[in-house]
Amino acid sequence: MIAVAVLLAPPGATTPTDPTLAIAAVATHGDGGPRLLRIDGSFQALDLVQLAWPLQIVVRETTVGTGYVRYDVVTGPVTGNAPALADGLDAADVPGLLASGNPSPDGAVVFLGVTRLELLLPATFPAGPAEVQFFVVDEGEAVLSNPAAVVVGSGS
Amino acid sequence: MTRHQRVALLCVLAASCIAADPECARIFEAEGDLMLHRDIADPETGELLELPPFAPWVQPGADGRLGTGDDEVRSFAFLPADIDLIVRTGLRSFSGPVPVRSRPPDVVAEPFGEGTPLEFVVAAVNGYPGPGWLEPTDPPSLEGSPVLVMAFADLDGDGAIGITLSDGDPFDASLEGAELEPVGRRLAIASGGRASGEFFVSAGGPPGAELDLIVGAAAFTGPFDPGHFGGEVPSGPMVMTRLPFLPETDPNEVIDGNLPGPADPFGLAGVEVKQALEPDPTVPDIGESFTVPVHGIAPSIDGARAHSGAFARFGLVAEPAASSYRDLASRPLRPGLDSSGDRVLFEVLQHAFVDDDGSASARVLRVVALDRFGNVTTPSPGSTVTVVADGPVRITSPDGDGNPAREVVVLSNARGIALTIDDGGGAFDDSNLGGLSLEYAGGLSQLPIWLPDPDVDDSGEVDGADVALAQSLDRLEVGDPGYDFQVDLTGDGRIDEDDVVRILANDGLIVSIP
Chain L
0 MIAVAVLLAP PGATTPTDPT LAIAAVATHG DGGPRLLRID GSFQALDLVQ LAWPLQIVVR
60 ETTVGTGYVR YDVVTGPVTG NAPALADGLD AADVPGLLAS GNPSPDGAVV FLGVTRLELL
120 LPATFPAGPA EVQFFVVDEG EAVLSNPAAV VVGSGS
Chain G
0 MTRHQRVALL CVLAASCIAA DPECARIFEA EGDLMLHRDI ADPETGELLE LPPFAPWVQP
60 GADGRLGTGD DEVRSFAFLP ADIDLIVRTG LRSFSGPVPV RSRPPDVVAE PFGEGTPLEF
120 VVAAVNGYPG PGWLEPTDPP SLEGSPVLVM AFADLDGDGA IGITLSDGDP FDASLEGAEL
180 EPVGRRLAIA SGGRASGEFF VSAGGPPGAE LDLIVGAAAF TGPFDPGHFG GEVPSGPMVM
240 TRLPFLPETD PNEVIDGNLP GPADPFGLAG VEVKQALEPD PTVPDIGESF TVPVHGIAPS
300 IDGARAHSGA FARFGLVAEP AASSYRDLAS RPLRPGLDSS GDRVLFEVLQ HAFVDDDGSA
360 SARVLRVVAL DRFGNVTTPS PGSTVTVVAD GPVRITSPDG DGNPAREVVV LSNARGIALT
420 IDDGGGAFDD SNLGGLSLEY AGGLSQLPIW LPDPDVDDSG EVDGADVALA QSLDRLEVGD
480 PGYDFQVDLT GDGRIDEDDV VRILANDGLI VSIP
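Chains L and G are the protein sequences, given in the same order.
Each residue of the first sequence is one higher than the last, beginning at 0 in numbering that gives the first Met the number 0.
Each residue of the second sequence is one higher than the last, beginning at 0 in numbering that gives the first Met the number 0.
Read the hints as simulated data drawn from the structure, not as lab findings.
No experiment lies behind these values; they were computed from the predicted model shown.
One thing to keep in mind: the hints can contain errors.
Unchecked claim - Okay, the calculated beta carbon distance ranges per label pair: (1) L:D71 with G:P206: 26 to 32 Å; (2) L:A148 with G:D279: 43 to 49 Å; (3) G:D41 with L:G75: 53 to 59 Å; (4) L:S155 with G:E496: 45 to 51 Å; (5) G:P206 with L:T123: 34 to 40 Å; (6) L:G32 with G:T67: 51 to 57 Å; (7) L:G79 with G:S471: 42 to 48 Å; (8) G:A61 with L:V136: 49 to 55 Å; (9) L:N145 with G:T67: 37 to 43 Å; (10) G:Q470 with L:V136: 41 to 47 Å; (11) G:P206 with L:T19: 35 to 41 Å; (12) G:I512 with L:N145: 32 to 38 Å; (13) G:G425 with L:V136: 53 to 59 Å; (14) L:N145 with G:H350: 19 to 25 Å.
Claimed, not checked - Chain G residues, not near chain L, derived (Cβ > 10 Å throughout): (15) F53; (16) S173; (17) P225; (18) S471.
All C-beta atoms in this analysis are idealised placements derived from N, C-alpha and C, irrespective of residue type, glycine included.
Construct the complete structure from the given sequences, taking the supplied hints into account.
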């Protein structure tokens, strides 16, 4: 299964002092087994090497809208269900989201490129429409990317 | 008043000539600042030259741009000795003289906080040849300055960082250009003539193909002027160790103008490493002056040996053709091993092109284990990977089951397995998009494979409209909004005149498959 969402945000690899997050394109691969999520965009990749850059990637199913997997590059992915996400992820949801979720044994960040991230979705993540979004908390303030829609296949 | 002139106010500038120098270089006198004292200055203006040690002074010619044919290159006899900063790796402090370079420390490529970090200390030194040369000093112009430490990798394993002819290969400049991008960097704040810390790197190699790194540094010198970036960035000239290129030193070009406060090694840096000049060793006056030897005599820098990180996925790599390689973020180069275990430079593929020409040409890739940054690494022995071809892509070798759409391979080490792919049928008769999926226990990778044809507008015939479309996308690269792989006929990641030439070569051709 291949599903692609393309937005207009340009990718980049700069290291500004104000967080700059943008998703340009999302694609998924895999149906009935492991599922790969490929995200192209700007997420300050150099800062993942240079400092403790707290990049988070949230994949939220949008059928019900509350189930999610959140990837922390350092501590790994967690899954959960957050009613606050039903209307989409916004800055007010971030503190609660960071405080919740259960470690996912099979989700993983498998590629950190300069303008590309690749993730393996947990087997329990439901098939169907989903939304992908980056966020960081920088100096106490949540900064979010644009959301990008995608349709994922079924897990094993 | 320029920032250089402001620094001049700190010191006493004397216009003295070095008699032996044919250009009569001007010498900067600063008795109270031994780092800058007797540095080389612009003979006309008296401003300090912002150059790496050993580098000639390159100024733009009449066109105002560096890297063009009219550049003015001047070498002063004392430039090689004009060293202001020295980096040492594997330690954070020292006392007495600057330690000599010793065995490069090991570092493992992983994200911040996870790999094996590389410790460093940067020291300001008395760079004037004579008594006390290269002795540590505590210059007032460096106090409180943010020092940027950078690591560069010898990707092609030729023993040098940067574009060089010293390896006997005059045709690999496109590949060596990728060595000018830092693979790790960190800010540290200077105090007492020292700046220290640790940093992580994003590049490494598997056992047998580890990456040699060199580590250098650069810093703007003081004073801090409230009218200059809010007083958060020193307003004086840049000092630096040896570097493989001439860096951009205009702070307006390399520093984010929206600084929230003083530089913080643990915060967003807001600094960009930019090349003012990509050295061309074929220019006689430049030659190898920017080439940084990994193991040679270069007192201002130090080294490290970088290993790849832990297995994260399987992926595909290919040996890049120097003639068509472009240094793009989507085309990273990393060392690996061939079937014989010899070190090879690979492009870690994020996409691939295959010529839609039937059996006329094929493409050789390798299935390898990769870490999270895409470095070739060692898999668990006996790892099984099922390669599945999508669309028009065919697997022609290995062929253990007679099925060109599927192959099972077993990887036992970092060498990986060679995989030859091709398209089916004849020329320009396939759809433009295919792929290879790598299925393995608990994971999946996928590589898009593009097979563009010269009928780029899919009208059914190659004509002037195809040329016009390609010209309208001129210079767009992979990742740029508007880039279209169907127009990138050469498959180098950029749409340009070479693609137009390919279209014109097929003018009038009927292409039945869009």
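Now for the hints, and whether the structure bears them out:
| no. | hint | result |
| --- | --- | --- |
| 1 | L:D71 with G:P206: 26 to 32 Å | holds, 30 Å |
| 2 | L:A148 with G:D279: 43 to 49 Å | holds, 47 Å |
| 3 | G:D41 with L:G75: 53 to 59 Å | holds, 54 Å |
| 4 | L:S155 with G:E496: 45 to 51 Å | holds, 48 Å |
| 5 | G:P206 with L:T123: 34 to 40 Å | holds, 37 Å |
| 6 | L:G32 with G:T67: 51 to 57 Å | holds, 54 Å |
| 7 | L:G79 with G:S471: 42 to 48 Å | holds, 47 Å |
| 8 | G:A61 with L:V136: 49 to 55 Å | holds, 51 Å |
| 9 | L:N145 with G:T67: 37 to 43 Å | holds, 39 Å |
| 10 | G:Q470 with L:V136: 41 to 47 Å | holds, 46 Å |
| 11 | G:P206 with L:T19: 35 to 41 Å | holds, 37 Å |
| 12 | G:I512 with L:N145: 32 to 38 Å | holds, 35 Å |
| 13 | G:G425 with L:V136: 53 to 59 Å | holds, 56 Å |
| 14 | L:N145 with G:H350: 19 to 25 Å | holds, 23 Å |
| 15 | F53 | holds, 27 Å |
| 16 | S173 | holds, 18 Å |
| 17 | P225 | holds, 18 Å |
| 18 | S471 | holds, 18 Å |
In this structure, every one of the numbered hints holds.
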